[in-house]
Amino acid sequence: LYVYGIVNAASATSLSDELQLVTEGGLTAVVGLVPADDFETERLREHLRDLEWVKRLAVAHSEVLDRVAAATAVVPMRICTVYRSESRVREMLRDGAVRFSELLAQLTGRSEWGVKVFSVRPPSIPEPEAEAPQLGGAGAAYLLARRRERDVLAQTDRQIDQACEEIHELLCAAAVQGAVNPPQRQTPGEMLLNGVYLVDDQAVEPFREQVRELGQRYESFGLELVATGPWPAYNFVPEDVATAS
Amino acid sequence: VSTFDQNLARSSNRADLRPRESGPANLADILERVLDKGVVIAGDIQINLLDIELLTIKIRLLVASVDRAREMGINWWEGDPRLSARAGELESENRELRERLDRLERALGDGKGEGRGS
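As they're listed, the protein sequences go chains A and B.
Under this note's numbering, the residues of the first sequence are numbered 1 to 245, in order.
Under this note's numbering, the residues of the second sequence are numbered 1001 to 1118, in order.
FYI, nobody ran anything at the bench for these hints, they're computed from the structure.
Mixed in with the good hints, there may be bad ones.
[Stated by the list, open to error] Some, not all, of what chain B presents toward chain A, calculated at C-beta under 10 angstroms:
| no. | residue |
| --- | --- |
| 1 | LEU1035 |
| 2 | GLY1043 |
| 3 | ILE1045 |
| 4 | GLU1105 |
| 5 | ALA1107 |
[As the list claims (entries may be wrong)] Restraint ranges, calculated between C-beta atoms of paired labels, are given here:
| no. | chain 1 | residue 1 | chain 2 | residue 2 | range |
| --- | --- | --- | --- | --- | --- |
| 6 | A | GLU190 | B | GLU1105 | 19 to 25 angstroms |
| 7 | A | GLY109 | B | ASP1102 | 48 to 54 angstroms |
| 8 | A | GLU209 | B | GLU1096 | 50 to 56 angstroms |
| 9 | A | ARG212 | B | ASP1102 | 19 to 25 angstroms |
| 10 | B | ASP1102 | A | ASP95 | 36 to 42 angstroms |
| 11 | B | GLU1096 | A | VAL180 | 29 to 35 angstroms |
| 12 | A | GLU86 | B | ARG1100 | 49 to 55 angstroms |
| 13 | B | ASP1102 | A | GLY137 | 27 to 33 angstroms |
| 14 | A | HIS47 | B | ARG1106 | 23 to 29 angstroms |
Even for Gly, the Cβ is constructed at its ideal location relative to N, Cα and C.
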């Protein structure tokens, strides 16, 4: 049995009856029957070398969890969490009961939102101030111009760093919890901030309003803010819980 | 047809999904969340740590560039897989180091004594 995630048994009734469930005590695992062969060590090793297989599995995993999260709070499990029997799943639910319940209590009524900050164009750089009377020759003027250019660039870099810090701080303030992931590479525009935030359902609109407002505030810096969500709380589940270990 | 494909087919035509704002990097976002936390094979499966390490490296690349990774996937596993995985990672690390060196050299050559770290 492949385990997608864990929900409170009380709220499992709101889940689509297309989903397969295993309930033990107060917790319910959302599971799927997968061919045991596919997850035997040798076959799995082969599968994991097949990027298409891994990608399809990841997307399916995420789609199932989206459906669950749309109905109730869920602890998303890591991809490839597989148990050999229903009784092993029950055992896992019993062993992890306290931590799963605590975490579900924290996640109830909340969802994860991602906000990425991109540098989409060069910042608008202010025109240099009126030239001071020049004392040196052409060489000195050149050096002066280069130095000014460098100072302006360094200053702009600092401003952009500060802007990103401020954006993250303000978004954390609008959220229950926030964290920063490494920027994704190979994106259109350089990604400067890859933030994730756990947001109260009631606070989603103010949170998104904050994102829009920050986007406008820093437009002249060449920054663009992109929000995605709601996501299951992938980034707010400790590793030992997500792997039921 | 695997269970995953069935789940996928079912879920993609459901109307009760809360809409997610689609961004250009949506697939990358999914992969990042589902795979990039460092891969752990959990539950009852036993799998060699080396395989997992390898998968983690591969997935970083996949998240880095969904399209480019697809191209890489074509010959990724020809020859010694561990070797090519390392080679890919070393190559990008080298490139990053070279770029940093360039930046540092530019900064140094440009005005000594006032260098400001970046």
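Which earlier hints can't be squared with this structure? 4, 8, 9, 10, 11, 14
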